[in-house]
Amino acid sequence: MPGSGKDLYIDLSLPSRIVEVTLVVLSQSQETDDKMTVDEESFSFPDIPRLDRSTLTPGAVRGLLKDYHRLVQPKYDILDVGILSYDGMHLRKLPETRRFQILMACAISATQKSYKEPIWKPFANTCREWANDFIAPIISSADADSMKALLLLLVYEMADPTRGVIWELLDVARRTCLQLGWNRTASSSNEITINGEAVSHDPMRTRLMRVLRDIEGLVTTDDIKSANLVN
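Just so you know, the numbering used here puts the end of the sequence shown at 216, numbered straight through with nothing missing.
Treat the hints as calculated values from the structure; they're not laboratory data. Be aware that a few hints might be false.
[To be verified] Lysine-lysine pairs mimicking DSS-like chemistry, simulated, CA-CA at most 30 Å apart:
#, residue 1, residue 2
1, 51, 106
2, 51, 101
3, 78, 51
[Said to hold, decoys possible] Simulated DEER-style distance windows between Cβ atoms:
#, residue 1, residue 2, range
4, 126, 101, 28 to 38 Å
5, 187, 159, 10 to 20 Å
6, 74, 199, 27 to 37 Å
7, 148, 122, 16 to 26 Å
8, 199, 78, 28 to 38 Å
9, 104, 129, 31 to 41 Å
10, 187, 39, 30 to 40 Å
11, 42, 202, 31 to 41 Å
12, 195, 38, 29 to 39 Å
13, 156, 118, 19 to 29 Å
14, 103, 201, 29 to 39 Å
15, 202, 39, 38 to 48 Å
16, 206, 168, 14 to 24 Å
Idealized CB from N, CA, C, for every residue including glycine.
Model the full structure from these sequences, guided by the hints.
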């Protein structure tokens, strides 16, 4: 990799570029405020309607998180166990980062359920588009939560590739790794990130980088079908 001096030009521009690119990539999603009720007859049409957010009851959230823990977490170890054990109560009152992670886990889970039961597709759309409300501040923080957010977005795109933005999101994830210094090894205590922080061994960093490498391998080998979340 280039020496730290050659990376200095990134320092002032990379965070804002990452956020800008992410928002542009995700701008293909429909506006979250345009709420609709479920029309079962519309499942034969390409644009499956969203639900009102109030239909995401605590029971529905708990069930989706349970399925995520069982089907998705073993393959893509992104979220902490505490997130997946959330009881579904007072979702709107949670901190934005926690709410985003829960909504994305529910969106991924509902998407995999919709493979066999299309009734779950509106749940997936609602969770995914609600999560869009929180993307900008989470990505701009340029920390481990940013990487978790990008990995969740990537897993969702693998589960539902209709947006066709997985390559762009993968590029944003790589840029974030560069900014965090996660592309370097922790063999030397003198190594620092672009933000000037020392690189050290971090189990969470190791775990998230493993997930990114797994996803990158699937995408670059055009093997997305093997990422199907249903066993």
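Hint check:
no., hint, result
1, 51 <-> 106, "holds (17 Å)"
2, 51 <-> 101, "holds (17 Å)"
3, 78 <-> 51, "holds (21 Å)"
4, 126 <-> 101: 28 to 38 Å, "holds (37 Å)"
5, 187 <-> 159: 10 to 20 Å, "holds (19 Å)"
6, 74 <-> 199: 27 to 37 Å, "holds (33 Å)"
7, 148 <-> 122: 16 to 26 Å, "holds (22 Å)"
8, 199 <-> 78: 28 to 38 Å, "holds (34 Å)"
9, 104 <-> 129: 31 to 41 Å, "holds (35 Å)"
10, 187 <-> 39: 30 to 40 Å, "holds (39 Å)"
11, 42 <-> 202: 31 to 41 Å, "holds (37 Å)"
12, 195 <-> 38: 29 to 39 Å, "holds (33 Å)"
13, 156 <-> 118: 19 to 29 Å, "holds (23 Å)"
14, 103 <-> 201: 29 to 39 Å, "holds (30 Å)"
15, 202 <-> 39: 38 to 48 Å, "holds (40 Å)"
16, 206 <-> 168: 14 to 24 Å, "holds (21 Å)"
When held up to the earlier numbered hints, the structure conflicts with none and fits them all.
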